[in-house]
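K.L.:
Each chain is listed here by its residues.
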Amino acid sequence: MPPLKILLVEDNPDDEALALRALKKSEIVSSVDVVRDGQEALDYMFHKGAYQSLNQTDTPCVVLLDIQLPKMNGIDVLRNIRNNEKTALIPVVLLTSSDEERDMLDGYKAGANSYINKPVDFNAFVEQIKMLGNYWLGVNKTPHIHHA
Amino acid sequence: MKSRLFRKFSLKGKIMLLVSIVTLTVLTLMTGLLIAYESYTFREGVRKNITTTAKIVAERSKSAVLFRDDSALKDTVNALRSNESILLACIYDADVNVLAFFNREAHTNHCPRRPHLTTYKYQNGLLLLEENISLNDELLGAVYLEVSLIDVSTHIQNYLLFTSIVGVIVFVIVYLLTSVLQNQISAPLVQLKVVAKRIAKNRDYSLRAEQSSRDEIGELVDAFNQMLQEIQNQNAMIVENSETLEAEINERTRELKNTNAELEAFSYSVSHDLRAPIRAIVGFTQALVEDCGEQLDDIALDHISRVTTAGHKMDELITSLLHLSRVTRKALNEQPVDLSALAAESLKSLADANPDRKAQITIQHGMTDIGDIKLLRVVMDNLLGNAWKYTQKEKQPVIEFGRIQETTTTVYFVRDNGAGFDMNYKDRLFTAFQRLHTDDEFEGTGIGLATVARIIHRHHGDIWATSTTGEGSTFFFTLHQQGHNANQNNAKTTSAQTAFTPSPRLQDGAS
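These protein sequences, in sequence, are chains A and B.
So that you can map any letter, position 129 of the first sequence is 129 in my numbering, and since no number is skipped, the others follow by simple counting.
So that you can map any letter, position 488 of the second sequence is 488 in my numbering, and since no number is skipped, the others follow by simple counting.
If we strip away everything but chain A, and leave its shape as in the complex, we get (with noise of 0.2 Å):
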């Protein structure tokens, strides 16, 4: 079976490596694959453009949705996945430094999974990046549409 694949879609390289080194730290099993904008995300999500050669076993177990981001917002993002029937049940957390709660309301309202605020302090981002990894690769039980 291969690693469980996570897709991040974030913006700022600097949030990207602190991500990629809470989950690292974190110790949860799994690739990740990067995307650096909306449009970059739908194109991995449905195998578009830079994408096409993917298949359906590289769907992502969940995504770590980034809100603010170039050419499209995570909210639109979430909308397209939400409205495709191949993605319409990946999990999706929104994964943010906005503690809006209009950002929230319009989060949940596009179908997030979870609101995420990403915290100052490293080591309390880690413990959260931990729990996420537990709570959706582990505890978390999904329909099995897009695993072979």
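What the hints contain is simulated information worked out from the structure, not anything from laboratory work.
Think of the CB as a built atom: it goes at the ideal place given N, C-alpha and C, for glycine as much as any other residue.
Everything hinted at is true.
Derived list of chain A stretches under chain B, where covered just means 3 residues or more per stretch with a C-beta under 8 Å from a C-beta of chain B:
#1 9-16
#2 92-98
#3 122-129
Starting from the structure of chain A, add chain B where the hints point.
P.N.:
Relative to chain A, chain B alone:
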């Protein structure tokens, strides 16, 4: 009743009625006077005629009376038959013996035994007339006549008929003339009325009444038109003013919306963009310590520790600032709020976060008021959080939340026996970034009380505080204070403090 009926008539009707009454009165009076005069003069004429006749008879009868020539007297009397109005004629001698008489068949009167008339009198529609027969001042006898006045009444009846016909003709002519001429008076007024009604109905103040005469009605029409002009001018001015005002309001609203949108965009981007670099600073310094900690000496580690602390502090500041700005932007959702319960929750979470701390806590039960529960929770968290924070160095911390019922308003207070503050700087308590303690003494951002003050002001209340350094402080606040002008500056807060005199209990408790 009559005047009420009169009021119902139109102007034309009133003029017609007026002229009719006057004409009828004048005609009736005139006719009456004429008839009275005519009946008098006609009767006098009859009397004079008969008197002349009586005198002639008396003259002719002198010798016959003197010589007792009865047949001559009989002839004389009978000669009077030709005058149909004479009903009875009698000739007397000096001793009042009837010498001769004639009496018409229809007339039942007979010669009176003695008439005793000085000259004449009218009686029962008859003229009774006596003429002496005398010769050289010697009374020989008398002639007595009774004359019917039927001619007089026939004449008067005819006269009445004639004057009535004339009266009716005059009345009709007056009526017709009046109904034509009254237009001169009523037509301009009627026209004025029509214009006024049309204006009242259509609110078209550009209409004008037609000027047709130079009398009082003409002046009325002038005044009316002037008034209309004035109304039109004022309306134009009002419209112009309201348009200007509306434009101004629209402009202001647009500016306000822009400012709000900018503020919102600003805080949104602060929320997102300012945090990322701090996260990077804190995250990578921690990564630095983890990955290369062995290569760093104590000085380097101390520097890194300061960087991390500063990052955390910066994050805290951003969070507080965002909180403050949200408190201002968020719409109030007012409902009954149990402040006692809020305080209890707040203190419980403080106690849970610091399980090793003990404090004597008193909360008055059942304190409910109207407000936005989320914002009032922020108030309680901040005020009790401060009380909790500033009593941390006390051996026996005491925190109390209660209320005082003033005459017009309820004053809530949060009292502690902690570090207190210097009353000289009380004006700076509720200003953002103003702190009365150093971070070494007590940590803080200096935004909490500014946020609390803003929430209280949004609830149309006031907040103020009293304190004695080292002995504790008491924060007072009100909600929905009557006459509060929602003035969100600190001057208001200060003035409220001087206006409020704490009760003796409170002054004791402030220590």
